[in-house]
Amino acid sequence: MIWLDTLVQGILLGGLYALFAAGLSLVFGIMRLVNLAHGDMIVFAAFAILLITQTLGLHPFLAALIAAPVMFALGWALQRFVLNRVLGKDILPPLLVTFGLSVALQNGLLQGFSADSQRLAAGPLESASVDLGLVTVGWMPLLTFATAIAVIVGLNQIFYRTALGRAFRATSDDPVTASLMGIAPKGVFALATGLAMVVVTIAALYLGMRSNFDPSIGPARLIYAFEAVIIGGLGSLWGTLAGGVIIGVAQTFGAAINPEWQILAGHLAFLVVLLLRPRGLFPRAVD
Amino acid sequence: MILETRALTAAYGQFRALFGVDITLAAGETVAIIGANGAGKSTLLRSITGVLRNAPDMVLHRGEPIGALPPEIVMRRGIAMVPEGRKLFPSLSVEENLLIGGQVRRAPGPWSLAAIYDLFPILQAKRLAPGTSLSGGQQQMVAIGRALMSNPEVLLCDEISLGLAPVVIRDIYAALPAIKSTGTAVIVVEQDIARALSVADRVYCMMEGRVTLTAPAQGVTRAEIHQAYFGGAA
Ligand SMILES: Nc1ncnc2c1ncn2[C@@H]1O[C@H](COP(=O)(O)OP(=O)(O)OP(=O)(O)O)[C@@H](O)[C@H]1O
Ligand SMILES: [Mg+2]
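In order, the protein sequences belong to chains D and B. Residue numbers for the first sequence follow our numbering, beginning at 1 and rising by one. Residue numbers for the second sequence follow our numbering, beginning at 1 and rising by one.
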């Protein structure tokens, strides 16, 4: 039953990667913007939660509740005042800006918090586990996975059931025609990035409770997020979860064979999927 | 005047497409704008809606300068557009395409989902289908319905007959009297001259970025139109 255990751990780990990826997928899906600072934003949010837990003495979950609206506002402002100015036919300027932002965030965090490893203390939850009969799983991985599903369901509800989601999809399809409907595309983009930063805060919460983090780990989180998004097919949130799960499972099996192979196995799985399905598992019909 | 352009000159980068266009639209009036390919008809509508920005006082809405406003603001003033090529949103169902037309601005008025389905009953049956899965004529109905959902005071229609079979064009034009009767002022841009004249009060003919003829729709002669359309003698 070792392999079953490995499989379940891998699937649950995929939930964390899906959380990393959901915000990236959201922003890319709506405005075709590849945010190279996404991983660093997750780390930034993790430090924000840490700061709130330390200064107010709150549990990380409560701290994240405070951090989320702040991150929304920061994301909104970033899009409104910086990224909207560089969005256009040429994809290079936004790439450069987010790359610069990535470097700036890493160095800013290094200045503010030093290179020391940090962790969000979640109390007894960290080590609690539940016996599911065939396998025993930790509460934390289970909660992470459930949260990933809840985030995706929630985002899909927003996308397909609300007026805001309608505006998101219309603007993504055709910003000029959307503006003829009275929708300001740049305002929609700002809301989308704000929403993505809320998802980033949730990802940061689980990242920080499950593992150590320091200012330098953002780019690696970005890679996992990228791989999950691309495996799933650009713009499909359920595909992103599937992509996260594939990387997670590959990593746990790789690690089961040889602990040094964990990271490599994830990247290999990504390459294999890309070879077999260059457009990902669930590509959007219109692109 | 509900809408007016004054010495409107519009350009795509270095390329000048309009050379001092003056048109007027009175409340409740229907005006046809005809002209050959590339005459500048769509450019004129893009300038009115703000997709192309110009000097503020080149376009006036109720006497106020709107030439430099972005499209989302122009639309909220009650100027709705049925764009050339229909431009339905592929990710949205038929009903969502209609709803989004009235999402930001919904003035009080006769148009609602139910009223649009009354006008184009076929859309009700297809309401959950993706907008772009419909036939060309049905897509045009959605595009018109989408623009009406805001209860606009000015409706701009860019070649609503484009690429459609004559019977379908007839069905679509059959809806125009109902739209006009609600008091909405309409500009129809058309290449189908007879069709345009049949619904319009007045007609402008454009050629190479200029207005070459202004006339009442009833009473204008073929020779006059031919002269304005092609520049040569009839
Ligand atoms: N996006 C654009 N960039 C550059 N030039 C353009 C653009 N759109 C139109 N033009 C040019 O502007 C001129 C006017 O075009 P416009 O589309 O307004 O004509 P039109 O009267 O609507 O023609 P049609 O009946 O074919 O729709 C043409 O010479 C066209 O080539
Ligand atoms: Mg045109």
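Quick caveat, the hints were computed from the structure, so don't treat them as lab data. Small disclaimer: the values here were computed from a predicted structure and weren't measured. Cβ atoms here follow ideal geometry from the backbone N, Cα and C, with glycine treated the same way. One thing to keep in mind: the hints can contain errors.
What the hints assert, rightly or not - What the simulated footprint calls covered on chain B by chain D, stretch by stretch (three residues with Cβ under 8 Å from a Cβ of chain D suffice, anywhere in the stretch; the number is not a length):
(1) 106–113
(2) 195–204
(3) 223–230
Claimed, not checked - Computed footprint of chain B on chain D; a stretch qualifies when at least three of its residues, placed anywhere within it, have a C-beta under 8 Å from a C-beta of chain B:
(4) 165–173
(5) 245–252
Said to hold, decoys possible - Facing chain D, a subset of chain B residues (Cβ under 8 Å, in silico):
(6) THR49
(7) LEU52
(8) ALA55
(9) PRO70
(10) PRO83
(11) GLY101
(12) GLN103
Hints, one by one, checked against the model:
no.: 1; hint: 106–113; in the structure: violated (count 0)
no.: 2; hint: 195–204; in the structure: violated (count 0)
no.: 3; hint: 223–230; in the structure: violated (count 0)
no.: 4; hint: 165–173; in the structure: holds (count 6)
no.: 5; hint: 245–252; in the structure: violated (count 0)
no.: 6; hint: THR49; in the structure: holds (6 Å)
no.: 7; hint: LEU52; in the structure: violated (11 Å)
no.: 8; hint: ALA55; in the structure: violated (20 Å)
no.: 9; hint: PRO70; in the structure: holds (7 Å)
no.: 10; hint: PRO83; in the structure: holds (6 Å)
no.: 11; hint: GLY101; in the structure: holds (6 Å)
no.: 12; hint: GLN103; in the structure: holds (5 Å)
In this structure, the hints that do not hold are numbers 1, 2, 3, 5, 7 and 8, in rising order.
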